[in-house]
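Engineer: For reference, the chains in residue letters:
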Amino acid sequence: MAHNDPKEIVVISGKGGTGKTSITAALASFFPNKILADCDVDAADLHLLLNISATEKHDYYGGHVAEIDPDKCNSCGLCESLCRFDAIDVKEGKYAVQEMSCEGCKVCVDACPEKAIAWHPALNGAWMKSETKHGPLFHARLIPGSENSGKLVTFVREKAREKAIENKAPYILIDGPPGIGCPVIAAVTGAHRLLMVTEPTPSGLHDLERVLQLAAYFKVPSYILLNKADINKDYKEKTEKCAAQYGAKFIGSLPYSTLFTEAQLKGVSILDAFPDSEIAKELKAIAENLITHLQEEKQC
Amino acid sequence: MAIIAFSTSGDSQEALLDLRFGRCKNFVLCDVEANKFSVVENSQNMDAAQGAGIQSAQNVIDHKAEVLITGNCGPKAFRVLNAAGISIYLGEAKPIVELLEDYKKGLLKKADSANVEGHWA
Amino acid sequence: MNIAIASGKGGTGKTTFAIAFFLANQERSRLLDCDVEEPNVHLFLKGKVVKEEKVTLLMPEIDNSLCTNCGKCVTACQFNALALAGKAGVIIFTELCHSCGGCALACPEGAIKEIDTEVGSISTTLVGDSSELTTGLLNIGHSAAPAVIIAVKKNKPIKEVAHRIVDSPAGTSCSFVASVSKSDYVILVTEPTPFGLHDLALAIEGIRELKLPFGVVVNRISSPDNLATAFCKKNDIPVLLQIEESRLVAETYSRGGTLLDALPHLKQDLRDLLDRLSGVI
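Chains as they are written, first to last, in the working numbering: chain A, 1 to 300; chain B, 301 to 421; chain C, 422 to 702.
Hints are supplied without guarantee of correctness; some may be wrong.
Derived pair list, reagent style EDC-like, types lysine to aspartate or glutamate, alpha-carbon separation capped at 20 Å [claimed, not checked]:
#: 1; chain 1: A; residue 1: K233; chain 2: C; residue 2: E516
#: 2; chain 1: C; residue 1: K603; chain 2: A; residue 2: D89
#: 3; chain 1: A; residue 1: K106; chain 2: A; residue 2: E166
#: 4; chain 1: C; residue 1: K632; chain 2: A; residue 2: D69
#: 5; chain 1: A; residue 1: K219; chain 2: A; residue 2: D69
#: 6; chain 1: C; residue 1: K632; chain 2: A; residue 2: E99
#: 7; chain 1: C; residue 1: K469; chain 2: C; residue 2: E535
#: 8; chain 1: A; residue 1: K219; chain 2: C; residue 2: E516
#: 9; chain 1: C; residue 1: K574; chain 2: A; residue 2: D86
#: 10; chain 1: A; residue 1: K106; chain 2: C; residue 2: E535
#: 11; chain 1: B; residue 1: K325; chain 2: B; residue 2: D412
#: 12; chain 1: B; residue 1: K394; chain 2: B; residue 2: E314
#: 13; chain 1: C; residue 1: K467; chain 2: C; residue 2: D550
#: 14; chain 1: C; residue 1: K632; chain 2: A; residue 2: D89
#: 15; chain 1: A; residue 1: K284; chain 2: A; residue 2: D272
#: 16; chain 1: B; residue 1: K336; chain 2: B; residue 2: D402
#: 17; chain 1: A; residue 1: K219; chain 2: B; residue 2: D412
#: 18; chain 1: A; residue 1: K238; chain 2: C; residue 2: E535
None of these hints come from the bench; they were simulated from the model.
Starting from the given sequences, assemble the full structure and let the hints guide the process.
Structural biologist: Pasting the structure below:
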């Protein structure tokens, strides 16, 4: 294997609340020499289970935002008529950019006949590097409502990747965002493998199918882990069928368990909280299965 | 003859090939006839929110390369490079000078379509 | 009034709550599913689809007979949706296009025409006799979720009713902002866990930025005094309702049943809640 090409394993779920983050934290124990990254930048929770220390925090500027200089603006209104995002506010004849709506397309900046519109880097949030007993963790937080969450996802992936190359770590384990929108696309493109954590419910299955379509679109092979597998036998079978239909590998299942919540209340992963529990053993088997698969794959 | 572009995070012909195309830091360009190497920055793409591959392809095109040697090429970049008539060859993470020899000997595999990410073994 | 149902974290029962809230107040409300990446409400509310519409955005098309390959459109595009492939001309990637119109403005030859391009769809379902569910769906691979959400909110109902309940996407990104903005009230659904609380705090930050009134529903409680209620009390945030944890709810949900099927006593609480909220505004 090429030593400078760490493999990114991205854990996603489509639907929220399937246990994606809890399972990522548990899997972190098993992967040898890896870097961890939390790319659920809207609601980064992985650090709540990893007992982090030595956090370095940096401002994150992603994209740009337009700003109107009121002294130069002659209130011609051209910017407002051109903006497709309703991001120009007019109050008593004064024009201003509403930052939360500005997409950073630069149309107004280029169009303004008075050159009254500046083009600034936008402060979108912060990114952090922390130490955990399972290795370095890169995480981030987006200022609520900021644009560019996809870009921050890419940024966190990039930082984790640089560190993986530096540490010669073969794997990067990534807690991905829910959904199938731009942050997920940013987390999935160019990833090595996806691990989809789902549940046997109508919405779990429905969203799994959407995520599998996305994975197919970006040509990333997927593994599937079914959580809360025992709450509905019918949907368990349907999930297995769905996995087969999309050529995804069914990697294992876990029962409904309140231990996940109890571990969360303790601020550690289920493995650290309940190492001798049945579910910890099952997770271990799944992790070993997953790692064996990853190691056996032929390199291209 | 051709100008060949190599994706890399280094800045000379001794550097290793970066297997990523869209988010590589630099391109090392080789003018094969003159046997001259030069470096072009590609870092504007490293923090691109989207379409880094497209922008990288644009960069390669703008520098008049006719051949690209990289590790992985996604579907969008492939579409742009292919339309511009640039041939894409796939290499491993080894020094650029070695890959140049491999290329001259016809040892590198030509990409006929996007090869982004692996396939099941 | 417009009531948005949101939650920082996914999987707190936001959609489950939105459906129950709608069903309990069916004769006086309609439900809008603005979770356009993964609309799920229709899985639980059976009915007849009576209307389907496309959501389109203007995206560029190049007239090759006028294009001189000058590349000004490529430079203007901030989203890398255009590339100039030598003599082959300009290539467009509509899935990256944000429909800002910048390329058409930049083209000195007038060679770029903007045409309606499908990015998603909206369907209207009749639930029961006359109440409506409006569902937005984003096409896979597109990044234009806010545009589809805005279209859902602007979509004309078959029959006007007093209240609109908007099921918003989880998280605090631009899709969340598009869904909750201009609401009269936001109900945040959370669960009494560290994740739930952490993400609730983020959502509140976003809602405060938007200057919208809000309150909290705590789902899956094992005790009326819990992490979430303590947090709300400390921060002076109204707790609107608490719903007990029960495996029965999870099983009912997995069979496609609603919260009201599992806990019928909630119906009156949810009617009272809407009365209270309409009184507040």
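Engineer: Is the Cα-Cα distance between K603/C and D89/A 20 Å or less?
Structural biologist: holds, 15 Å
Engineer: Taking only the CA atoms, is the gap from K284/A to D272/A under or equal to 20 Å?
Structural biologist: holds, 12 Å
Engineer: Decide if the proposed pair is consistent with the structure: K394/B and E314/B, CA atoms, cutoff 20 Å inclusive.
Structural biologist: holds, 9 Å
Engineer: Between K632/C and D89/A, is the straight-line Cα distance small enough, at 20 Å or below?
Structural biologist: Holds, at about 16 Å.
Engineer: Run the distance test for K467/C versus D550/C: straight-line Cα separation, threshold 20 Å.
Structural biologist: The hint holds at about 12 Å.
Engineer: Checking one constraint from the list: CA of K106/A to CA of E166/A, max 20 Å. Satisfied?
Structural biologist: Violated. K106/A to E166/A sits at ~37 Å, over the 20 Å cutoff.
Engineer: Does K574/C pair with D86/A here, judged by a C-alpha cut-off of 20 Å?
Structural biologist: Roughly 15 Å separates the two Cα atoms, so the pair holds.
Engineer: Could you grab the alpha-carbon distance between K632/C and E99/A and see if it respects the 20 Å cut-off?
Structural biologist: With a Cα-Cα distance of about 15 Å, the restraint between K632/C and E99/A holds, given a limit of 20 Å.
Engineer: Quick one, are K469/C and E535/C close enough, alpha carbons at most 20 Å?
Structural biologist: Violated: K469/C and E535/C sit about 35 Å apart, past 20 Å.
Engineer: Run the distance test for K325/B versus D412/B: straight-line Cα separation, threshold 20 Å.
Structural biologist: Measuring from Cα to Cα gives roughly 25 Å; hence the hint is violated.
Engineer: Verify the proposed pairing of K336/B with D402/B, using a straight-line Cα cut of 20 Å.
Structural biologist: With Cα atoms ~17 Å apart, K336/B and D402/B stay inside 20 Å; holds.
Engineer: Holds or violated: are the alpha carbons of K219/A and E516/C at most 20 Å from each other?
Structural biologist: It holds: about 16 Å lies between the C-alpha atoms, which stays within 20 Å.
Violated hints, listed in ascending order, are 1, 3, 4, 5, 7, 11 and 18; each of the other numbered hints is respected by the structure.
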